[in-house]
Amino acid sequence: MELEGRIKTYLQAKLPQAEGPEIGRVERMSGGNSRETLAIDARWREKGADVARSFVFRRELTGSVLETTSDHEYNVIRCLMPSAVPVPEVYWLETDGKWLDRPFFVMEKVVGDPPARLAGDPEERTRILHAFIKSMGDLHNADWGKLGLSFLGVPRNAEECAGMPIAKWRDIYDRTAIEPEPIVVELLQWLDRNKPKKVERVSVIHGDPGPGNFISKDGKVLAIHDWEMSHLGDPMDDVGWICWRGGMFGSGKEEILRLYEHYSAIKVNQESVFYWEVFANVKAATACLTGGAAFCTGANRMLNMAQVGLGGSRRFLQRAAEMVGF
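In this text, residue positions in the sequence shown follow my numbering: the first is 1, and each later residue adds one.
Please note that a few of the clues may not be correct.
Derived DSS-like pairs (lysine-lysine); straight-line CA-CA distance at most 27 Å [to be verified]:
{"#": "1", "residue 1": "109", "residue 2": "98"}
{"#": "2", "residue 1": "134", "residue 2": "146"}
{"#": "3", "residue 1": "253", "residue 2": "134"}
{"#": "4", "residue 1": "47", "residue 2": "134"}
{"#": "5", "residue 1": "98", "residue 2": "8"}
{"#": "6", "residue 1": "198", "residue 2": "109"}
{"#": "7", "residue 1": "98", "residue 2": "134"}
{"#": "8", "residue 1": "267", "residue 2": "195"}
{"#": "9", "residue 1": "220", "residue 2": "134"}
{"#": "10", "residue 1": "168", "residue 2": "220"}
{"#": "11", "residue 1": "134", "residue 2": "8"}
{"#": "12", "residue 1": "168", "residue 2": "217"}
{"#": "13", "residue 1": "47", "residue 2": "109"}
{"#": "14", "residue 1": "8", "residue 2": "47"}
{"#": "15", "residue 1": "47", "residue 2": "14"}
{"#": "16", "residue 1": "98", "residue 2": "198"}
{"#": "17", "residue 1": "217", "residue 2": "109"}
{"#": "18", "residue 1": "146", "residue 2": "267"}
{"#": "19", "residue 1": "198", "residue 2": "168"}
{"#": "20", "residue 1": "146", "residue 2": "198"}
{"#": "21", "residue 1": "195", "residue 2": "217"}
{"#": "22", "residue 1": "195", "residue 2": "220"}
{"#": "23", "residue 1": "98", "residue 2": "14"}
{"#": "24", "residue 1": "14", "residue 2": "109"}
{"#": "25", "residue 1": "217", "residue 2": "134"}
{"#": "26", "residue 1": "197", "residue 2": "253"}
{"#": "27", "residue 1": "217", "residue 2": "197"}
{"#": "28", "residue 1": "168", "residue 2": "195"}
{"#": "29", "residue 1": "267", "residue 2": "253"}
If you are wondering where the hints come from, they were derived from the structure by calculation, not from laboratory data. The structure displayed is predicted, hence computed values, not measured ones.
Using the sequences and the accompanying hints, generate a full structural model.
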């Protein structure tokens, strides 16, 4: 059965009240190397009325730059739905390949402004910058215990806020590296020796915040998505990642830090931000190496896996090495 037919069968099972469901379009959305993302337009009759709805299916890849499962991302979004953090509504989670061969989850499709609009509108970029940084502040101030996010693993102290991610990424490198990369080992050792000694609070960390991972419209952030790297830890982790990406929409690092303190009321630690910028390079390089390994071993023959594996890792490792004086 073709993919459209299998999706139709799935929706019939999940929406028994729907009469004659039809799939209008299945669009493979570009971008991202950790999930296959499908936008689905569907229509049916229900209680005598026509219904049209759009869904997003996030299906696991057989080999990707990240080794996270659908249930991790689904449950993080589900727990955040009652909070002030803008996230899409999630509907269903499937942890096996019964329906579409691989695990996946389904969420609402949130429609925002095209990126091209931002390129020519400085005022709109400024509004979205403020809205996004405020959303980060809402995330970092969220009561993760009451929201049910303790399953992410709770750091016992400041050093564990870095120690737990170090252990995770070291394990990923050890299991996926095709050939030794001594600089990765040295950088992980540097990160281990220089873990921040003070953390303002333990927060929910998105892990990959910035353009491409949120949807906006009319100066508002409608939904933050792509929660594969989410965990509990130091808020400066996300702040450092944003700075590592070169700011947002032309804004500089100082502006990012000023707005973050304003909207979050969490004091910025400049030394910690630098630390997490170094860590961002190591994470990005390791993810690239993982994608390259997936391509070389045949786990995933998508060309973008080869591209990130060949091009990205060297650049990120060089940048990290220069930052710490290697």
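Consistency of the hints with the structure:
For a cut-off of 27 Å, the pair hint linking residue 109 to residue 98 stands: about 23 Å separates their Cα positions. Using a Cα cut-off of 27 Å, the hinted pair residue 134 and residue 146 holds, with the two alpha carbons roughly 21 Å apart. Using a Cα cut-off of 27 Å, the hinted pair residue 253 and residue 134 holds, with the two alpha carbons roughly 16 Å apart. For the proposed pair residue 47 and residue 134, the alpha carbon gap of about 41 Å is over 27 Å, so the pair is violated.
This hinted pair checks out: residue 98 and residue 8 have alpha carbons roughly 14 Å apart, not beyond 27 Å. Distance restraint check for residue 198 and residue 109: the Cα-Cα separation of roughly 39 Å exceeds the 27 Å cut-off, and the hinted pair is therefore not satisfied. At roughly 40 Å between alpha-carbon atoms, residue 98 and residue 134 are farther apart than 27 Å, so this suggested pair is violated. The hinted pair formed by residue 267 and residue 195 meets the criterion: a straight-line CA distance of about 18 Å does not exceed 27 Å.
Restraint check: the Cα-Cα separation between residue 220 and residue 134 comes to about 10 Å, which is no more than 27 Å; the hinted pair holds. A C-alpha spacing of about 34 Å is found between residue 168 and residue 220, which places the hinted pair above 27 Å, so the restraint is violated. At roughly 39 Å between alpha-carbon atoms, residue 134 and residue 8 are farther apart than 27 Å, so this suggested pair is violated. For the hint pairing residue 168 with residue 217, the CA-to-CA distance comes to about 35 Å; that exceeds 27 Å, so the pair is violated.
With a CA separation close to 23 Å, the supplied pair residue 47 and residue 109 stays within the 27 Å bound. Our distance criterion of 27 Å between C-alpha atoms is met by residue 8 and residue 47, whose separation comes to about 19 Å. A distance of roughly 16 Å separates the Cα atoms of residue 47 and residue 14; the hinted pair therefore holds under the 27 Å criterion. In summary, the hint linking residue 98 to residue 198 is not supported, as the alpha carbons are separated by about 46 Å, beyond the 27 Å threshold.
For the suggested pair residue 217 and residue 109, the alpha carbons sit about 14 Å apart, so the restraint of at most 27 Å is met. Proposed proximity of residue 146 and residue 267 is supported: the alpha carbons are some 23 Å apart, at most 27 Å. For the given pair, residue 198 sits about 21 Å from residue 168 by alpha-carbon distance, which is consistent with the 27 Å threshold. Simply put, residue 146 and residue 198 have alpha-carbon atoms about 24 Å apart, close enough for the 27 Å limit, and the pair holds.
Of the supplied pair hints, the one linking residue 195 and residue 217 is violated, its CA atoms being roughly 38 Å apart against a limit of 27 Å. Taking the CA atoms of residue 195 and residue 220, the gap is about 35 Å. The hint is violated against a cut of 27 Å. Restraint check for residue 98 and residue 14: satisfied, since their Cα atoms lie roughly 14 Å apart, inside the 27 Å limit. The suggested pairing of residue 14 with residue 109 holds, with an alpha-carbon distance near 17 Å, which does not exceed 27 Å.
As the CA atoms of residue 217 and residue 134 are separated by approximately 15 Å, the hinted pair is consistent with the 27 Å bound. Pair hint residue 197 plus residue 253 holds up; C-alpha atoms about 23 Å apart against a cutoff of 27 Å. The straight-line distance between the Cα atoms of residue 217 and residue 197 is roughly 39 Å, outside the 27 Å bound, and the hint therefore fails. Between the alpha carbons of residue 168 and residue 195 the distance comes to roughly 15 Å, so the proposed pair stays at or under 27 Å and holds.
Proposed proximity of residue 267 and residue 253 is supported: the alpha carbons are some 15 Å apart, at most 27 Å.
When held up to the earlier numbered hints, the structure conflicts with 4, 6, 7, 10, 11, 12, 16, 21, 22 and 27 and fits the remainder.
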